[in-house]
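Enquirer: Residue numbers (the numbering used here), protein chains in the order written: chain R, 1 to 115; chain X, 116 to 227.
It is worth saying that the hints were derived from the structure and are not from the lab.
The reader is advised that the hints may include incorrect statements.
[Unchecked claim] Chain R stretches covered by chain X per the calculated footprint, using a threshold of three residues with CB under 8 Å from any CB of chain X:
(1) 65-73
(2) 105-114
[Claimed, not checked] Cβ pair distances, simulated, as ranges:
(3) R:T2 <-> X:S173: 18 to 28 Å
(4) X:V159 <-> R:T20: 22 to 32 Å
(5) R:I12 <-> X:T179: 36 to 46 Å
(6) R:T38 <-> X:N226: 20 to 30 Å
(7) R:L96 <-> X:H172: 22 to 32 Å
(8) X:R156 <-> R:Q54: 23 to 33 Å
(9) R:A53 <-> X:G131: 26 to 36 Å
(10) X:N153 <-> R:P70: 10 to 20 Å
(11) X:K171 <-> R:T38: 43 to 53 Å
By construction, the Cβ of each residue, glycine as well, lies at the ideal position given by its N, Cα and C atoms.
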Amino acid sequence: DTGVSQNPRHKITKRGQNVTFRCDPISEHNRLYWYRQTLGQGPEFLTYFQNEAQLEKSRLLSDRFSAERPKGSFSTLEIQRTEQGDSAMYLCASSLATSGANVLTFGAGSRLTVL
Amino acid sequence: SQQGEEDPQALSIQEGENATMNCSYKTSINNLQWYRQNSGRGLVHLILIRSNEREKHSGRLRVTLDTSKKSSSLLITASRAADTASYFCATQSFQGAQKLVFGQGTRLTINP
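Build the full structure now, drawing on both the sequences and the hints.
Expert: So, in structure tokens, the structure goes:
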């Protein structure tokens, strides 16, 4: 297993277009997270899944954003009608659910630039 | 919104010196974690300290936690140029939420 994989690594799009990012987590991890990070800031939580169930969504996740994890394995994050303010690094992370601490393994991120 | 406040926002020291970064948070926590991020890359977990622990060591890293002050510090001893990165604290609450809430980070530069 090579860790958490994200594709594409970079995406440049024009305002108003739709974009989709994919995340392949560590295979034995049942939790999957999406975060957004802008330059000079820490990651901001967007949403997370346990298996295929989406258990929490941030207020940051407007109706233009949708995330899925259809078979409890890979996940997609789609942004519809992109705006310049959507430009950011989109980070995916996974973890194995335990009764205690939750340590995340992150992918390298997908950088979105909206022109 | 982010829970953690990190201090300083940026730190520049000479190789071999020690680097100390601080993190404050607002709510009760289950644990606090530190992550490192090299420029343009994902985050890497460094160390975790539980709410009932006061100090933890891992190699050149030392973490302290003061739950009464809702603060933590990360000390990197004998810094190396390769330690240049951004460092983030992240908190996990007791409230059933499994997400981590990250601070804004400290950008550390080690000058050779």
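Enquirer: Taking the beta carbons of K171 (chain X) and T38 (chain R), is their distance inside 43 to 53 Å?
Expert: violated, 30 Å
Enquirer: Quick check on a hinted range of 36 to 46 Å for I12 (chain R) and T179 (chain X), using CB atoms only.
Expert: Roughly 43 Å apart at Cβ, these two residues keep to the hinted range, so it holds.
Enquirer: Could one say that the CB atoms of T38 (chain R) and N226 (chain X) fall in the range 20 to 30 Å?
Expert: holds, 27 Å
Enquirer: So the hint says 22 to 32 Å: do the beta-carbon atoms of V159 (chain X) and T20 (chain R) match that?
Expert: Cβ of V159 (chain X) to Cβ of T20 (chain R): about 26 Å, so the range 22 to 32 Å holds.
Enquirer: When you take the CB atoms of T2 (chain R) and S173 (chain X), is the distance between them in 18 to 28 Å?
Expert: holds, 24 Å
Enquirer: Note whether the CB distance of R156 (chain X) and Q54 (chain R) lies within 23 to 33 Å or breaks it.
Expert: Distance hint for R156 (chain X), Q54 (chain R) holds at roughly 26 Å.
Enquirer: Within 26 to 36 Å: is that where the Cβ-Cβ distance between A53 (chain R) and G131 (chain X) falls?
Expert: Between A53 (chain R) and G131 (chain X), where Cβ atoms are some 49 Å apart, the hint is violated.
Enquirer: Do three or more residues of the segment 65-73 of chain R come closer than 8 Å to chain X, measuring C-beta to C-beta?
Expert: violated (count 0)
Enquirer: Range hint 22 to 32 Å: satisfied by the CB atoms of L96 (chain R) and H172 (chain X)?
Expert: holds, 24 Å
Enquirer: Check whether three or more residues of the segment 105-114 of chain R sit with their beta carbon closer than 8 Å to a beta carbon of chain X.
Expert: holds (count 6)
Enquirer: Between the beta carbons of N153 (chain X) and P70 (chain R), is the distance compatible with 10 to 20 Å?
Expert: Violated, since N153 (chain X) and P70 (chain R) (Cβ atoms, about 32 Å apart) do not stay within the stated range.
In the structure shown, a violation is registered for the earlier hints numbered 1, 9, 10 and 11, in ascending order.
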